[in-house]
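Asks: This is what each chain is made of:
Number of protein chains: 2
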Amino acid sequence: MSFQFWFEFASTYSYPAAMRIESLAVSQRIDIEWNAFLLGPVFKAQGWNDSPFNIYLAKGRYMWRDMERICDALSIPFRRPSVFPRNGLLATRIATRFKSSMWIPNFVRAIYRANFADDLDIGDSAVVANCLAQLGVDSDEVIATANSDESKSLLRSQNDIAAQLNIFGAPSFLANGELFWGNDRLEQAFQWLTTGEKLA
Amino acid sequence: MSFQFWFEFASTYSYPAAMRIESLAVSQRIDIEWNAFLLGPVFKAQGWNDSPFNIYLAKGRYMWRDMERICDALSIPFRRPSVFPRNGLLATRIATRFKSSMWIPNFVRAIYRANFADDLDIGDSAVVANCLAQLGVDSDEVIATANSDESKSLLRSQNDIAAQLNIFGAPSFLANGELFWGNDRLEQAFQWLTTGEKLA
Chain X
1 MSFQFWFEFA STYSYPAAMR IESLAVSQRI DIEWNAFLLG PVFKAQGWND
51 SPFNIYLAKG RYMWRDMERI CDALSIPFRR PSVFPRNGLL ATRIATRFKS
101 SMWIPNFVRA IYRANFADDL DIGDSAVVAN CLAQLGVDSD EVIATANSDE
151 SKSLLRSQND IAAQLNIFGA PSFLANGELF WGNDRLEQAF QWLTTGEKLA
Chain C
1001 MSFQFWFEFA STYSYPAAMR IESLAVSQRI DIEWNAFLLG PVFKAQGWND
1051 SPFNIYLAKG RYMWRDMERI CDALSIPFRR PSVFPRNGLL ATRIATRFKS
1101 SMWIPNFVRA IYRANFADDL DIGDSAVVAN CLAQLGVDSD EVIATANSDE
1151 SKSLLRSQND IAAQLNIFGA PSFLANGELF WGNDRLEQAF QWLTTGEKLA
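Chains X and C, in that order, give the protein sequences. Position 62 (the first sequence) corresponds to 62 in our numbering; numbering is contiguous. Heads up: take any position in the second sequence, counting from 1, add 1000, and you land on our numbering.
Keep in mind that a hint or two might mislead.
[What the hints assert, rightly or not] List of simulated lysine-lysine pairs, BS3-like, C-alpha gap at most 27 Å:
| # | chain 1 | residue 1 | chain 2 | residue 2 |
| --- | --- | --- | --- | --- |
| 1 | X | Lys44 | C | Lys1152 |
| 2 | C | Lys1059 | X | Lys44 |
| 3 | X | Lys99 | C | Lys1044 |
| 4 | C | Lys1099 | C | Lys1152 |
| 5 | C | Lys1044 | X | Lys59 |
| 6 | X | Lys59 | X | Lys99 |
Calculated directly from the structure, the hints in this document are not laboratory data.
Same shape as in the complex, but just chain X:
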């Protein structure tokens, strides 16, 4: 049984997914593999140089309103970031390099809160360092390791895997290899682990 969570730190709908996935998974005794990746290269391959929510205005306007409704229903704080999309490169390198560390889920949530609740620049290494420090992690060491050539190369490979898995947006979930896209499909993706044989 395998469950992968693919998320991008600038992705709006990844935020509620990241905030709620762990408590849902624990209640169902599901282990999650946390996979940060970058949507930029995915979008570039589709001919977009910006978030489609910025390119397609009506869709973007709808998304911001939808985010308000979703976060309100989940009682998650939400403030529309003054800059969108924000640069999540450093945070993504950290999440990729330290994927199996105990503190990763808390780090991921701290970065999302910084971006979507506190309107902080998650591209600023001081903001990232602060998120790490809150968790009692040695931020200098982690950031230096995340900026090494090895870590950069690891993230490129991670993004190649996302492309090979046909991931085209975030959040995405892979439940025993079956792809689900969107925060609103999280429950179905979990359900797939027990009922998926029907269509497989």
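With the hints as your guide, set chain C onto chain X.
Replies: Using the frame of chain X, we list chain C on its own:
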């Protein structure tokens, strides 16, 4: 209290929405306004000359698989159409011109079944005529009326209204003026009619 259902006959996700909306609405005593429209002009305004599911391959591949899962879960027959997207112009003119007729919900479902369950060419007036005849409607008269200049102009106005409402995809729902997009938001849209004051 007003509830509008905006759908496009070629739209895959509009199919399950159209098949299930009436029974859900009846159980909640909600009156639905059925609004057919054309996505073509909406997509053209965004720079697309084809369905985004054809333009963006990974997204399209995911959508077809997702449709299988959704229709399976709802026990709705589904066969991937051999031509996509199909030309729903005549059916849309009929649905727009005869919007308030008693037979419209059945007609809408018959067209969707033809497209997504029976793989028939809904752009063929014989197929449309057959859908009408099944309902005991005079197909010759309805089709002639739908092809009049008045009906063509009515559909253009209908599409203008969709654009003014910031509708960018199908299915869309307007619950007391609040926009929801996607088959998976139908329940939330209905709920908005009773709880919507919270965020309004």
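Asks: All hints are to be evaluated individually against the structure, with a verdict given for each.
Replies: Quick rundown of the hints versus the structure:
1. Lys44(X) <-> Lys1152(C): violated (39 Å)
2. Lys1059(C) <-> Lys44(X): holds (14 Å)
3. Lys99(X) <-> Lys1044(C): violated (42 Å)
4. Lys1099(C) <-> Lys1152(C): holds (14 Å)
5. Lys1044(C) <-> Lys59(X): Holds - the C-alpha atoms of Lys59(X) and Lys1044(C) are around 14 Å apart, at most 27 Å.
6. Lys59(X) <-> Lys99(X): violated (33 Å)
Checked against the numbered hints listed earlier, the structure breaks hints 1, 3, 6; every other hint is satisfied.
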